[in-house]
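Asks: Sequence:
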Amino acid sequence: MNKTLTSNAVSAAALALALGTALTLTAAPAAAADDKEQCYGVALKGKNDCAGGPGTSCAGTSKVDYQGTDWKYVPKGSCEKTASPTSPTGFGQLAPFKEKKS
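The number in the working numbering is simply the position in the sequence shown, starting from 1, with 73 added.
The set of hints was computed from the structure by calculation and includes no laboratory data. Heads up, the beta-carbon is just placed ideally off N, CA and C, and yes, glycines get one too. Warning: the hint list may mix true and false statements.
Using 16 Å as the maximum straight-line C-alpha spacing, the simulated EDC-like pairs for lysine to aspartate or glutamate come out as follows [to be verified]:
#1 K149 to E110
#2 K173 to D138
#3 K136 to E172
#4 K118 to E172
#5 K149 to D108
#6 K174 to D138
#7 K149 to D107
#8 K154 to E110
#9 K120 to D138
#10 K118 to D138
Each pair of labels, with its calculated beta carbon distance range [stated by the list, open to error]:
#11 P161 to L117: 16 to 26 Å
#12 D107 to K174: 30 to 40 Å
#13 L117 to K171: 15 to 25 Å
#14 A168 to G119: 14 to 24 Å
#15 T155 to D107: 12 to 22 Å
#16 K174 to D108: 32 to 42 Å
#17 E153 to K174: 20 to 30 Å
#18 A168 to D107: 14 to 24 Å
#19 K118 to T162: 19 to 29 Å
#20 K136 to G163: 19 to 29 Å
#21 A168 to D138: 12 to 22 Å
#22 A132 to A168: 13 to 23 Å
#23 D108 to C131: 15 to 25 Å
#24 K120 to K171: 19 to 29 Å
Using the sequences and the hints given, assemble the complete structure.
Replies: The structure is reproduced here in structure tokens:
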């Protein structure tokens with residue numbers, strides 16, 4: 074086999090391996106999200122995963138604990154069992170809510 078052909082074969086194999094790894098890494102977060110749900114009103118100040126209310130934009134920007142417009146990923150099925158002192162029910166919600174007054 075000549076050196077150019079061998080070099081091209083090695084390059085192609087390396088590229089295929091890199092692409093396969095990249096595809097696997099991009100699929101991992103989606104798989105992780107399958108066993109999680111977005112739970113509103115349970116994130117502590119600066120610990121939200123996303124969404125946003127006044128003064129926030131996304132992950133890590135919540136200004137207060139238990140903000141009803143910010144969510145945190147929790148294990149699927151546990152949101153409505155997780156305490157949230159600002160929620161009308163006292164527990165996390167699957168949708169944004171207006172916080173109750175203390």
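Asks: Are the hints correct? Go through all of them and say.
Replies: Each hint, compared with the structure:
1. K149 to E110: Since the Cα atoms of K149 and E110 sit roughly 5 Å apart, the hinted pair holds (cutoff 16 Å).
2. K173 to D138: holds, 13 Å
3. K136 to E172: Since the Cα atoms of K136 and E172 sit roughly 14 Å apart, the hinted pair holds (cutoff 16 Å).
4. K118 to E172: holds, 15 Å
5. K149 to D108: The given pair, whose Cα atoms are some 5 Å apart, holds under the 16 Å limit.
6. K174 to D138: holds, 14 Å
7. K149 to D107: At roughly 8 Å apart (the allowed maximum being 16 Å), D107 and K149 satisfy the hint.
8. K154 to E110: holds, 13 Å
9. K120 to D138: holds, 9 Å
10. K118 to D138: Satisfied, since the Cα-Cα distance of roughly 5 Å is no more than 16 Å.
11. P161 to L117: 16 to 26 Å: holds, 19 Å
12. D107 to K174: 30 to 40 Å: Once the Cβ atoms are compared, 36 Å apart, the range 30 to 40 Å for K174 and D107 holds.
13. L117 to K171: 15 to 25 Å: holds, 19 Å
14. A168 to G119: 14 to 24 Å: Given about 22 Å between the Cβ atoms, the range holds.
15. T155 to D107: 12 to 22 Å: The hint (12 to 22 Å, Cβ to Cβ) holds, given that T155 and D107 are roughly 19 Å apart.
16. K174 to D108: 32 to 42 Å: The hint (32 to 42 Å, Cβ to Cβ) holds, given that K174 and D108 are roughly 35 Å apart.
17. E153 to K174: 20 to 30 Å: Holds, since E153 and K174 (Cβ atoms, about 21 Å apart) stay within the stated range.
18. A168 to D107: 14 to 24 Å: holds, 20 Å
19. K118 to T162: 19 to 29 Å: holds, 21 Å
20. K136 to G163: 19 to 29 Å: holds, 22 Å
21. A168 to D138: 12 to 22 Å: Because 19 Å falls inside the window, the suggested range holds.
22. A132 to A168: 13 to 23 Å: For A168 against A132, whose Cβ atoms are near 19 Å apart, the range 13 to 23 Å holds.
23. D108 to C131: 15 to 25 Å: 22 Å Cβ-Cβ, so the 15 to 25 Å window holds.
24. K120 to K171: 19 to 29 Å: Cβ of K120 to Cβ of K171: about 21 Å, so the range 19 to 29 Å holds.
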